[in-house]
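Number of protein chains: 2
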Amino acid sequence: MTAVGAACASGGDAVTAYVEGLAQCARAVSRVLSRAETAAKNRALLAVADALEQSAATLIGENRKDLDAGAAKGLDRAQLERLGIDAQRVAAMACGLREIAALPDPVGEISGMTYRPSGIQVGRMRVPLGVIGIIYESRPNVTADAAALCLKSGNACILRGGSEAIHSNKAIAACIRQGLEVGGLPADAVQLIKTTDRAAVGALLAADKYVDIIVPRGGRSLIERIMAESRIPVIKHLDGICHVYIDDGADRDKALRVALNAKTQRYGVCNAMETLLIAEGIAPTILPELAALYREKSVELRGCPETCRIAPGCVQASEADWDTEYLAPILAIRVVAGLDEAIEHIHRHGSGHTDAIITEDYSHARRFLREVDSASVMVNASTRFADGFEYGLGAEIGISTDKLHARGPVGLEGLTTQKFIVLGDGQIRT
Amino acid sequence: MTAVGAACASGGDAVTAYVEGLAQCARAVSRVLSRAETAAKNRALLAVADALEQSAATLIGENRKDLDAGAAKGLDRAQLERLGIDAQRVAAMACGLREIAALPDPVGEISGMTYRPSGIQVGRMRVPLGVIGIIYESRPNVTADAAALCLKSGNACILRGGSEAIHSNKAIAACIRQGLEVGGLPADAVQLIKTTDRAAVGALLAADKYVDIIVPRGGRSLIERIMAESRIPVIKHLDGICHVYIDDGADRDKALRVALNAKTQRYGVCNAMETLLIAEGIAPTILPELAALYREKSVELRGCPETCRIAPGCVQASEADWDTEYLAPILAIRVVAGLDEAIEHIHRHGSGHTDAIITEDYSHARRFLREVDSASVMVNASTRFADGFEYGLGAEIGISTDKLHARGPVGLEGLTTQKFIVLGDGQIRT
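Sequence lines, in order, name chains P and C. So the mapping is simple: the numbering used here equals the position in the first sequence, first residue as 1, plus 1. So the mapping is simple: the numbering used here equals the position in the second sequence, first residue as 1, plus 1.
In case anyone wonders, no lab produced these hints; they're calculated from the structure. None of the values given here were measured: they were computed from a predicted structure. Mixed in with the good hints, there may be bad ones.
Identical chains share a label here; the pair holds if one copy fits it or two copies do between them.
[Stated by the list, open to error] No farther apart than 20 angstroms at their CA atoms in a straight line, the calculated lysine to any residue pairs in the SDA-like style are these:
(1) K420 - E225
(2) K420 - E397
(3) K74 - T265
(4) K420 - H348
(5) K74 - T17
(6) K420 - M126
(7) K237 - E307
(8) K210 - H350
(9) K74 - G62
(10) K255 - E110
(11) K255 - L424
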């Protein structure tokens, strides 16, 4: 090892030791939190909300430091926008906390208790996962939001926000500690990693002795790095290449309404439609009008040859278009023979996020629901509904494109697990 | 790379290509299987059972080759016992298949459909995971059993059994193919890795593009290797260091009965008690008689100093005893001050598998259920009940000591996941 290498390693060692210390502490605290009463958790959440509002001036002042540093560093407008905190954002954070306090507590719920022939009674009890590591980009509001979801679900958490938001995050974390103390809960239930050293992320991902799950919130590169490095299971959200398929049996109005909404209601979101599939029988009567509606919204259309023939102003799509998450006013359109080809296209090019069929055909709806293997499968509804709030989960820590544990929007329940409980009267196995 | 290294790599490459081919094929077939009708799956399972019975002579003959090779290789009696197939074992395999055919099909179950304020109706549909890799030791009956569980839950599977059972496994796999064809299902729904090259395991664990989950069935060293190497999520079962805690409020008869059963009903199983904890107030009136009962069964007792004082014939336990899964007629015993110390001991030394309290105290029972963080937590019942059949799951592919996805005994449901389904009438997001 060179002298420089040695120096780096020793710096890395200090960061590792620091993060491991946090993780060990979180593990210890998680036991207290797992049995905390609902009332105490809610009291703490409401107290954090109050603390944030009372500290609004401090938060905005600390955020100013981040914004100045960010501007000097050359962050673009969108990045600065996400980084910024004003009075309205503080109010929104406080409001989010109060909403989470109002949600039912998932912990302790007992389900499925049945008597077995042996005489024992068996069922399941919902319990927290334990310690959750959240790794996110420079969006300070995530600090309050993620902490609140972990707290309500009885989990200790370790937060690692983007380095550009470090002053803001520290100020928010101070409010959280204050609220936890008011609620009579351990202040270490929520711990912020206070170093901006990138080695801290690696150290957190290696702390599999203490951390039960990692939830990354951010872009693809962040998530890929975490997947490659983590020794801890990750609830991850990858691409959202969402499809709407307009079936031969579609109602014209529903098709137009949903196809327009799924693409244009918001562009930069994972549940926006990126590819429109349309059955060849109905394409000539739907596509021209739909293309005109998209043009009004300045959406660039990239189509298969048949689409380009029917819809003027559409450019020819390349093979890569079918696999692209645009997150922008661009839409790929393909005419397909029918349901089978649509399902096949989604299987080959989709990302398993959200796919919808527009149809009035009962059997087609039923087959689409069963055969499309995505986290959310919809009939006659906009893909934009794939969202924890819209689904009634009350809150959302993210959307999972994994199949294990949590799939689709992840709410409080996704941060818990179930253990078996057995009640007996001295039963033994024979 | 040396010439030898290059030669090895090229051998490894062929194995990798072979396993990747199986995995790719499994992925394709999994789509057919995921939408297979319950009747077809059951027909296939019953046909496999018939084929096994009709091929009994062949199976026993092929198994003879494995037994002879195993004996020549120096396998011990217990290993040969597990490897052996006789007429009774064939009948047991067939019976197991018929039982799985009789279980309800978990796939397609829709739950929790509710209307949201937007007008959409949201719920969840249970669906197969996709492709399951099963890696197990030289127990040929696992081949039939694991294949049946995967098939019934709509998953394609790739089986990798211990190399000592290769002839037996090939013969069983031929019966499975035959049954699948009778059921009208793709014969590749169940694929056996037919090379005994160890590189095949590594290749399977790296096939994360095609395989959704790995289920290892075997001892700790197998599981640790898989955990270290796998790029695919693993449903794993590690140690079963199970505790029974006899509380001050215990009923004497229940305490004696359960403590005896949990240790002595079977020794080499993961849900056998390995450590007995007993409250100091009740220890003097229970331990002497219990120690006598264990002596009758020739169970070696290793106790804390207080236990050794009360129970004659008990040797002093070392620190390592509290962390040992004996899987043998040995029991560690510790006298504790009460509930808190018992929970603390279980937290520090347990493996999160199964722990029981014997008590008549309502509040203690309630606290134990809530605070002990194990896959199965019991009141007044033997730890030996921690089992898929005893819990009413109908069958069991293993017991998970993980917290994510599946915890405790894993039945058909553990081999499935849930997707969100949304039914609308043209709703859009505003």
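Hints and how they fare:
1. K420 - E225: neither (31 angstroms within a copy, 23 angstroms between copies)
2. K420 - E397: Between copies only: 16 angstroms across chains, 23 angstroms inside a chain, cut-off 20 angstroms.
3. K74 - T265: So K74 and T265 fail the 20 angstroms test inside a copy (33 angstroms) and across (68 angstroms) alike.
4. K420 - H348: Between copies only: 15 angstroms across, 34 angstroms inside.
5. K74 - T17: neither (27 angstroms within a copy, 47 angstroms between copies)
6. K420 - M126: Within. Shortest intra-copy distance 5 angstroms satisfies the 20 angstroms Cα cut-off; inter-copy 22 angstroms does not.
7. K237 - E307: This pair counts as neither: shortest intra-copy Cα distance 36 angstroms, inter-copy 50 angstroms.
8. K210 - H350: Between. Shortest inter-copy distance 14 angstroms satisfies the 20 angstroms Cα cut-off; intra-copy 37 angstroms does not.
9. K74 - G62: Answer is within: at 19 angstroms inside a copy they meet the 20 angstroms cutoff, but 75 angstroms across does not.
10. K255 - E110: So K255 and E110 fail the 20 angstroms test inside a copy (40 angstroms) and across (28 angstroms) alike.
11. K255 - L424: between (52 angstroms within a copy, 13 angstroms between copies)
Violated hints, listed in ascending order, are 1, 3, 5, 7 and 10; each of the other numbered hints is respected by the structure.
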